[in-house]
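Please model the complete structure; the sequences and the hints are all you need to start from.
Taken in sequence, the protein lines are chains A and B. First residue of the first sequence? That's 9 in the working numbering, and the numbers climb one at a time after it. First residue of the second sequence? That's 2 in the working numbering, and the numbers climb one at a time after it.
Simulated from the structure, these hints should not be mistaken for lab results. For glycine and all other residues, C-beta sits at the position ideal for the given N, C-alpha and C. Certain hints may be false.
Stated by the list, open to error - Below, simulated DSS-like cross-link-like pairs (lysine-lysine); rule was C-alpha separation at most 27 angstroms, straight line:
id: 1; chain 1: A; residue 1: K89; chain 2: B; residue 2: K188
id: 2; chain 1: A; residue 1: K152; chain 2: A; residue 2: K64
id: 3; chain 1: A; residue 1: K62; chain 2: B; residue 2: K261
As the list claims (entries may be wrong) - Short, incomplete list of chain B residues facing chain A, as computed with Cβ under 7 angstroms:
id: 4; residue: T74
id: 5; residue: S95
id: 6; residue: V122
id: 7; residue: Y124
id: 8; residue: A125
id: 9; residue: E158
id: 10; residue: D359
id: 11; residue: P362
id: 12; residue: V392
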Amino acid sequence: MKRLIRSRLMMKTLVASALLLGSACVQAEIAVVVHPSNTSEISAADISRIYLGKLKSFPSGGTVVALDQPEGSPARDAFVKQILNKTESQLKAYWSKLVFSGQGQPPKVVDSSAEMLSLIAANPNMIGFVDVSEVNDSVKVISKF
Amino acid sequence: MRKSTVALCVLSTLYMPSLYADVQINGFASIVAGSSLSDDKSYYDYDKELNFNNDSKVALQFTADLGSGLRATAQVLSRGNNDYSAEFEWAYISYDISDKLMLMAGRQRFNLYKYSDYIDVGYAYHWITPPRGVYSLPFNSGEGVGLVYSDLWGDTEVGLTYKYITTSVSDYAPIGSSTPPAPFSAKGHIMNFNFVTSGFEYGLNIGIVTDFSYELPALLGLGDAITQTGLFSQQVVDDLLPINDSALLIGANVKYDAGKWFVLAEYTRIDVDPSSFNIQDSAFVSGGIRYKDFTFHLTYGIDKNDPQYDAYEGMLPLYNSLPPANQAALAPLVFGTKAALEAQQEDSSYYIIGTRWDFHPSAALKLEYTNYSNDKPSSDEQLLSMAIDLVF
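Structure follows, in structure tokens:
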């Protein structure tokens with residue numbers, strides 16, 4: 009009887025951890041990264057404003073150049089949902105208002121996380137985001153989501 | 002939005018500062034099909050026959066980034082109701098004076114109302130077209146200069162614009178009317194004050210049109226006929242013709258977007274010098290709920306055009322003092338003037354029920370039913386329309 013309960017408990021734990029793993033796979037953990045020399049305090053709200061073209065300088069000064077991941081990539085999907093708090097369609101509608109009235113252009117899209125990391129490592133004005141597992145020493149992580 | 006190679010762009014700005022520009026190409030398209038549900042009536046050029054042309058359009062926008070905040074932008078738009086001939090809707094140079102201040106010079110939008118700036122971009126809003134009573138102005142685009150200021154004041158995003166714009170078209174015809182095309186020109190100052198605090202947006206738009214003229218041949222003919230009688234003062238003719246007149250346009254809007262649902266309202270007023278142009282008041286409220294990729298929305302609005310009887314009332318004292326025989330001779334002119342002043346008269350309301358389905362990351366399918374009813378003159382219309390909006 010005890011063994012049965014224990015094995016049931018084990019099963020439950022297994023199922024629970026499988027579920028957790030599963031949800032972790034769906035919801036990628038994102039690291040927002042900048043050049044190692046960047047000392048700005050950047051809040052989650054600031055990150056959102058930077059990526060929506062509302063904030064164009066780092067709080068410590070210096071123009072921001074935001075880089076985006078390709079549409080449809082897991083990192084971008086998670087970033088748009090969790091940090092910008094929008095759907096892909098809402099984001100596109102938002103940018104189409106600005107683009108077609110001359111008020112702004114969306115962030116430049118890079119081809120890969122590797123390209124994003126190497127660009128940011130070489131430019132103190134840039135900000136980007138990658139999956140946490142892809143972060144390396146060439147950049148500084150300012151936030152994780 | 003086109004994906005561009007950042008490395009190349011960085012290289013080009015570093016090593017080839019003036020010879021090569023990074024050219025961004027964007028575009029949008031709307032294919033709209035609509036049909037009036039009544040047998041022999043038409044609503045904004047839609048009748049019983051299914052029409053694909055009235056609101057369909059395709060546009061391409063080219064933005065050349067010349068570096069250091071200088072850009073040149075051209076938006077070429079072809080409309081179905083203009084035989085898809087391509088026209089420059091926007092063509093301007095913009096310069097970032099600072100992170101917060103931008104100068105725009107060239108052909109741009111008379112952005113008088115909340116949706117004016119991107120009224121052609123169906124993908125950007127929930128309707129197929131924003132309420133027509135508000136958004137059917139003679140001056141959409143013009144040439145001029147503008148200053149756009151954007152900043153964060155605490156948690157409030159602030160957008161302030163000032164523009165001085167002139168426009169002159171030889172063939173203006175009011176949308177949805179059978180009036181023959183006639184020359185139209187206007188010059189004006191536009192100020193926009195827009196604020197966003199989290200999900201709450203509100204704005205005030207003011208247009209001061211210092212000089213506009215609409216040279217409608219039938220109206221000019223009527224003015225000449227009044228002058229030729231030699232009985233009425235020049236003031237009567239001036240109060241009839243919309244020539245060298247001024248106008249004040251005011252718009253106020255508010256929107257709350259909670260993500261899963263939104264509600265917005267806009268009020269606009271056009272106050273013009275006495276002429277055949279009416280004083281116009283329009284207002285609408287609209288709300289919607291979003292469920293997965295769908296938006297279901299409902300809009301109710303009113304449009305009121307009040308005639309300005311100054312010219313007619315200017316004729317009455319003399320007309321009333323005449324013996325009946327002379328009155329009979331003048332009656333066509335006096336009551337013709339009254340009819341001309343009442344031509345734009347309207348006291349209408351409408352509701353729109355619609356849905357938007359974001360079936361693709363760059364495309365939306367929309368379905369809409371509009372029910373319009375007017376008391377002056379009395380008429381009722383129903384329009385069913387469907388659209389596919391794209392951005393790229």
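Right, here's what the structure says about each hint:
Straight-line distance between C-alpha atoms of K89(A) and K188(B) comes to about 44 angstroms, which puts the hinted pair past the 27 angstroms bound. The hinted pair formed by K152(A) and K64(A) meets the criterion: a straight-line CA distance of about 21 angstroms does not exceed 27 angstroms. Taken as a hint, the K62(A) and K261(B) pair is honoured in the structure, with Cα atoms around 23 angstroms apart against an allowance of 27 angstroms. Hint status for T74(B): holds, given a least beta-carbon distance of 6 angstroms to chain A, under 7 angstroms.
Proximity of S95(B) to chain A holds as hinted, the smallest CB-CB distance being about 6 angstroms (cut-off 7 angstroms). A distance limit of 7 angstroms between C-beta atoms decides the matter here; for V122(B) the minimum to chain A is near 5 angstroms, and the interface restraint holds. Given hint, Y124(B) at the interface with chain A, holds; its Cβ is 5 angstroms from that chain's nearest Cβ, closer than 7 angstroms. Checking A125(B) against chain A by beta carbon gives a least distance of about 5 angstroms; that is within 7 angstroms, so the hint holds.
Taking 7 angstroms as the C-beta contact cut-off toward chain A, the hint placing E158(B) at the interface holds, the least distance being around 6 angstroms. For the restraint placing D359(B) at the interface with chain A, the shortest Cβ-Cβ distance is roughly 4 angstroms, inside the 7 angstroms limit, so the hint holds. This hint holds: P362(B) has a C-beta 5 angstroms from the nearest C-beta of chain A, less than the 7 angstroms allowed. Because the closest C-beta pair between V392(B) and chain A is about 5 angstroms apart, less than 7 angstroms, the hint holds.
The earlier numbered hint that this structure contradicts is number 1, and it is the only one.
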